[in-house]
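Novice: Each chain, letter by letter, is given below.
Number of protein chains: 4
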Amino acid sequence: MGKKLNVAVIGAGRIGKVHAETIAVRIPEAALAAVVDPCAEAAHALAQRCAIPCVAAGADEILRNPSIDAVLICSPTNTHADLVIEAARAGKHIFCEKPIDHRLEMIDRVLEAVDKAGVKLQVGYNRRFDPNFARARRAIVSGEIGTPHLLHIISRDPGPPPIAYVKESGGMFLDMTTHDFDMARFLIGDEVTQVYAAAGVRVDPEIGKVGDVDTAVIVLHFANGVVGTIDNCRKAPYGYDQRVEVLGSAGAIATENCYPNYAVISTAESVRRDLPLNFFMDRYMESFANELRAFVEAVAEDRPTPVTGADGRAPVVMALAARKSYEERRPVWLEEVRAREGTLATVGH
Amino acid sequence: MGKKLNVAVIGAGRIGKVHAETIAVRIPEAALAAVVDPCAEAAHALAQRCAIPCVAAGADEILRNPSIDAVLICSPTNTHADLVIEAARAGKHIFCEKPIDHRLEMIDRVLEAVDKAGVKLQVGYNRRFDPNFARARRAIVSGEIGTPHLLHIISRDPGPPPIAYVKESGGMFLDMTTHDFDMARFLIGDEVTQVYAAAGVRVDPEIGKVGDVDTAVIVLHFANGVVGTIDNCRKAPYGYDQRVEVLGSAGAIATENCYPNYAVISTAESVRRDLPLNFFMDRYMESFANELRAFVEAVAEDRPTPVTGADGRAPVVMALAARKSYEERRPVWLEEVRAREGTLATVGH
Amino acid sequence: MGKKLNVAVIGAGRIGKVHAETIAVRIPEAALAAVVDPCAEAAHALAQRCAIPCVAAGADEILRNPSIDAVLICSPTNTHADLVIEAARAGKHIFCEKPIDHRLEMIDRVLEAVDKAGVKLQVGYNRRFDPNFARARRAIVSGEIGTPHLLHIISRDPGPPPIAYVKESGGMFLDMTTHDFDMARFLIGDEVTQVYAAAGVRVDPEIGKVGDVDTAVIVLHFANGVVGTIDNCRKAPYGYDQRVEVLGSAGAIATENCYPNYAVISTAESVRRDLPLNFFMDRYMESFANELRAFVEAVAEDRPTPVTGADGRAPVVMALAARKSYEERRPVWLEEVRAREGTLATVGH
Amino acid sequence: MGKKLNVAVIGAGRIGKVHAETIAVRIPEAALAAVVDPCAEAAHALAQRCAIPCVAAGADEILRNPSIDAVLICSPTNTHADLVIEAARAGKHIFCEKPIDHRLEMIDRVLEAVDKAGVKLQVGYNRRFDPNFARARRAIVSGEIGTPHLLHIISRDPGPPPIAYVKESGGMFLDMTTHDFDMARFLIGDEVTQVYAAAGVRVDPEIGKVGDVDTAVIVLHFANGVVGTIDNCRKAPYGYDQRVEVLGSAGAIATENCYPNYAVISTAESVRRDLPLNFFMDRYMESFANELRAFVEAVAEDRPTPVTGADGRAPVVMALAARKSYEERRPVWLEEVRAREGTLATVGH
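Chains as they are written, first to last, in my numbering: chain G, 4 to 352; chain D, 4 to 352; chain E, 4 to 352; chain C, 4 to 352.
Be a bit skeptical, because a hint or two may be false.
One copy or two, either will do: identical chains are not told apart, so a pair holds if it fits within one copy or between any two.
[As the list claims (entries may be wrong)] Cross-link-like lysine-lysine pairs, in silico, DSS-like; alpha carbons within 27 Å at most:
| id | residue 1 | residue 2 |
| --- | --- | --- |
| 1 | K119 | K7 |
| 2 | K238 | K101 |
| 3 | K20 | K6 |
| 4 | K119 | K6 |
| 5 | K7 | K20 |
| 6 | K238 | K212 |
| 7 | K20 | K101 |
| 8 | K212 | K170 |
| 9 | K327 | K212 |
Since the hints were derived computationally from the structure, they do not count as laboratory data.
Using the sequences provided together with the hints, build the complete structure.
Specialist: In structure tokens form, the structure reads like this:
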């Protein structure tokens with residue numbers, strides 16, 4: 004093992020803490036060099052917990068520090084784009100929580116800055132690193148289930164977020180379904196060309212009043228002919244429901260939810276088990292650690308990151324197209340959305 | 004128990020045999036009075052096996068026989084419409100295998116004849132009587148999972164039929180998906196108003212050459228706002244895949260496939276089980292018996308049959324709309340198909 | 004197909020009816036020739052239902068009838084031994100419900116009579132023919148799990164029988180566990196040499212008052228070194244619990260219970276399914292049909308039956324040894340029980 | 004939160020590292036103060052990884068340090084007893100890996116020293132803290148399954164340890180089954196009075212040559228009438244098999260194995276999943292963290308530890324009785340073993 008990668012954490016909130024702990028205990032190839040947060044107390048608490056030697060006064064202090072190799076951007080979404088651009092200009096490798104931004108133009112400016120700086124960028128679509136979904140992808144790559152034909156993604160939250168959050172979220176397709184759009188591209192390994200969204204307000208009329216939907220089915224037409232469906236709902240009364248199913252020419256793979264225990268209780272009423280893991284931090288704990296490990300390895304070995312800037316852009320295009328499809332009640336080509344935005348960039352991977 | 008219902012079997016093929024055996028052994032309220040089949044040998048074999056006292060020379064002999072109360076029409080599809088009309092005119096109650104016909108005009112003439120004669124008609128959409136799907140329906144009716152929001156039907160055959168059959172089948176939507184269209188209406192208890200079909204040829208190019216598809220996803224917009232998806236493929240390498248999943252406001256229900264045994268084998272390679280039941284006669288054995296029992300009861304108690312003529316018509320409308328959606332790559336209102344056919348009948352249930 | 008096997012049913016009760024219906028509908032190689040029952044009404048009802056041409060006045064009328072090839076003895080247990088002996092003397096092949104008798108001397112007299120007459124005898128240990136347990140046996144025979152090391156049988160009733168029945172039953176080991184003793188020999192394909200029974204009264208003190216137990220674990224030492232355990236209880240609140248698990252040198256097989264449906268309901272309380280099949284007639288419906296089919300084939304092809312007289316005797320020896328072990332709180336050699344009875348016969352298979 | 008508990012780690016091997024990382028990241032109420040290991044390199048590596056301020060020259064340095072509140076004894080088994088005694092005399096609270104010792108006299112001396120010093124002692128029977136087994140215990144304590152009647156523990160290793168290890172291990176009952184003996188007492192919450200062990204050499208004849216067994220069934224008679232069985236094998240070809248099942252008067256609970264993923268792959272061959280977690284460090288990762296958390300809480304709140312010295316002693320008594328039962332082929336009272344050892348202590352909890 005050579006020199007450790009020196010990493011700074013920008014944002015000491017919930018996800019920043021998760022990433023810091025992962026670096027501290029599970030990734031010996033990296034070291035925590037600094038942390039920053041507008042809330043000094045949060046930054047200091049995290050520094051103490053994870054033995055981080057420096058609490059910075061601001062992000063610029065971190066970006067100016069030549070001993071820091073990489074930053075983990077864990078601050079609020081509306082700060083992502085600027086921070087990535089500044090970090091890129093400072094020559095830091097960047098792990099940025101999803102989404103980069105909700106606006107395609109801004110994403111394109113970010114990707115341009117990263118490209119120009121020649122630094123690594125990994126976007127935090129952590130679910131790719133979940134052992135279940137990673138297993139599904141392996142089944143496809145290895146040929147275990149043959150050529151994929153049909154994909155079905157179930158992605159349901161335990162309950163809707165507060166209305167205040169919904170208002171600022173960009174809408175369900177941008178806020179929630181982007182994870183599933185990324186999952187679809189990841190699993191099938193191809194681009195979606197057209198989407199059709201059937202959606203409605205079933206859970207909470209207030210969500211409808213602020214112009215959003217809470218329940219949807221989105222059909223994905225892939226370039227290679229695969230047809231996918233995403234099944235979204237803001238409320239699954241039994242908890243966090245996160246599954247995928249792929250049918251291929253030689254077989255199928257289906258993943259199950261994760262549970263706090265695997266006990267079955269049989270009584271005179273039913274044969275039952277406890278509810279699945281309800282909180283995304285529990286459900287995806289493993290994937291958060293795995294994505295950081297992959298980032299550190301990509302930097303150390305100078306390889307492309309597994310979730311690139313283009314991978315961060317594509318789900319936003321899909322979300323915009325889904326919204327348009329829902330509004331116009333017709334299938335929408337992704338090309339239409341790109342054209343409208345005047346950013347007809349080639350999205351490959 | 005009063006007088007037994009005297010039943011004649013028209014068609015001594017595979018499904019006729021199943022129904023005759025059910026009447027013989029499992030439904031004491033009915034008796035087999037006669038059987039007829041163009042193949043006299045088949046008719047006699049069935050008569051012997053099930054102790055049927057009379058092998059008729061033709062269907063008309065049966066229809067003229069005043070001691071016969073009801074007929075089971077198990078002959079080829081293209082004979083169904085005429086036989087139902089004649090049986091209705093002869094005052095017989097009718098159990099008719101699905102579909103009544105592929106043409107809406109012909110179905111409407113059939114329904115008119117039945118209506119005029121005042122006899123009972125039950126169409127053989129047997130899957131409603133499968134213990135799994137019946138359980139799903141009960142979960143909805145009882146409120147166990149609250150108000151339904153989303154429905155997902157997986158319906159995949161073990162392998163495609165011969166091309167000769169495909170050519171005559173009316174296409175996958177009419178031949179295979181009608182079962183799923185019926186299942187969707189049955190489970191949700193409401194009408195579909197619009198469908199969107201994404202389909203393709205993934206399994207066998209020969210199927211494409213004769214103008215059909217072998218893989219499809221169909222989105223169903225229900226009048227009550229529920230969104231449904233049907234996932235069809237002519238080939239599931241692991242066998243017959245028949246499942247449904249419904250998400251409601253208070254919970255979800257999902258059914259599993261049926262297996263020849265429930266043994267789990269764990270070796271150094273995997274934790275595995277044998278393949279699911281592969282043949283529809285095995286998978287739906289119980290449902291075939293249940294649907295006949297329901298028919299006999301409906302006649303005996305002078306109640307509406309559980310699968311009426313209108314229920315037999317609706318899936319055909321949906322299949323025609325799905326085909327149109329696939330061809331025109333847009334969502335299609337069922338109204339469009341009805342209008343085209345000039346039979347804007349009210350389909351209720 | 005040559006001449007059909009003419010079969011008479013002795014005893015038109017619950018199990019007699021099941022077997023008659025199986026012959027009538029599912030075994031074309033056999034025909035029902037006569038039925039007899041002390042209750043003439045039951046006999047006539049069964050005759051009508053299954054188109055049996057003759058209702059005999061007594062068993063002797065059947066045994067004297069030269070056109071009858073085989074009898075199904077479905078009468079009460081205390082009549083089995085005499086009927087088997089008489090049927091053997093009359094040259095009829097015999098299917099006899101389990102047990103032949105509770106007394107080893109009587110069983111030995113029966114086996115002698117059968118042996119002398121050279122007729123086939125099959126004892127009704129139907130569970131061997133259950134698709135799950137048959138699958139477990141196949142896993143062992145085929146080498147799929149290697150050489151067996153450990154066997155675990157779970158066999159629990161939904162609830163205890165009436166005390167009046169318990170008094171006459173011969174005790175739990177003879178009444179209930181004999182099925183499991185047979186299963187153990189069947190699965191492992193070897194003889195048990197020693198048993199150790201730990202038992203008690205946990206379900207109903209009344210059972211203890213009449214000298215019986217209602218809960219037990221029995222350890223089986225097989226000649227080949229396999230160690231087996233049987234886990235019995237007269238009451239499983241969730242229903243009929245019938246499972247086996249075998250560990251071998253190359254893997255393990257475990258069977259699950261059977262359910263009326265395979266639906267999973269997820270609500271805010273739990274992820275649950277309905278209770279397993281609760282009634283032995285439902286759970287073992289398939290095995291009842293399979294065992295009769297095997298009997299008819301064994302007679303038709305002049306091969307040994309799959310459950311011989313010796314197979315009918317062995318579980319009784321094991322039950323007697325288990326009782327002795329429980330009473331004396333020590334492991335008991337089967338040899339001790341055989342010696343006590345003065346019938347040191349070689350029990351092989 | 005008051006003052007943090009200062010903890011020292013004695014032994015920087017595999018399990019020492021696990022415990023240190025848990026303290027570092029998951030238990031904010033405790034702090035790592037020192038580490039010691041005969042291998043200085045291992046000690047320093049762990050110190051760096053977990054930011055431990057002091058690498059001690061020997062255990063005595065740690066025991067003399069007044070700022071250290073508690074020690075985690077993670078050194079080899081044959082050092083446990085002396086270290087616990089010395090730590091107790093030094094007034095340190097003690098978490099000691101299992102077993103305390105293989106000799107009852109030595110254990111009694113240890114318990115006496117701990118008792119005299121008035122310090123806390125927790126023995127590392129971690130499986131009690133596994134979410135599955137903890138759930139089973141909750142089902143019993145809460146009355147969810149009523150009064151327990153029968154217990155079945157499956158505990159099988161993926162493969163046998165090296166013969167050199169077997170020779171020193173004290174035999175399978177002491178080395179492997181002690182975990183299960185502890186589990187039995189934990190789940191049922193009562194003492195075992197008599198055991199019966201059926202065992203043999205099935206996996207590797209070399210194990211037999213050094214006087215040990217590799218496959219066993221142990222029947223446990225509890226004071227409260229519950230009957231338990233433990234099913235042990237040194238080799239489960241499919242991996243680490245760790246399950247329990249309890250039948251009670253109102254229901255049953257059964258736990259499943261844990262898997263690296265919950266994906267099901269269906270192909271033309273089988274419906275399968277990947278093998279269960281194969282390594283005890285993976286399988287019990289959560290339980291290792293939970294037991295330490297419980298220890299820190301017990302010390303902080305001055306409550307009894309959840310696995311006391313008496314809990315550490317009882318499984319050793321059971322193991323000695325099981326060995327005696329196997330050798331003498333008869334059920335053995337635990338009293339016999341205690342008497343033989345001349346240490347008729349009251350073991351309660």
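Novice: Now tell me if each hint is right for this structure.
Specialist: Evaluation of the provided hints:
| no. | hint | in the structure |
| --- | --- | --- |
| 1 | K119 - K7 | within (25 Å within a copy, 49 Å between copies) |
| 2 | K238 - K101 | within (22 Å within a copy, 38 Å between copies) |
| 3 | K20 - K6 | both (24 Å within a copy, 23 Å between copies) |
| 4 | K119 - K6 | within (26 Å within a copy, 51 Å between copies) |
| 5 | K7 - K20 | both (20 Å within a copy, 20 Å between copies) |
| 6 | K238 - K212 | within (17 Å within a copy, 44 Å between copies) |
| 7 | K20 - K101 | within (16 Å within a copy, 34 Å between copies) |
| 8 | K212 - K170 | within (10 Å within a copy, 50 Å between copies) |
| 9 | K327 - K212 | within (18 Å within a copy, 34 Å between copies) |
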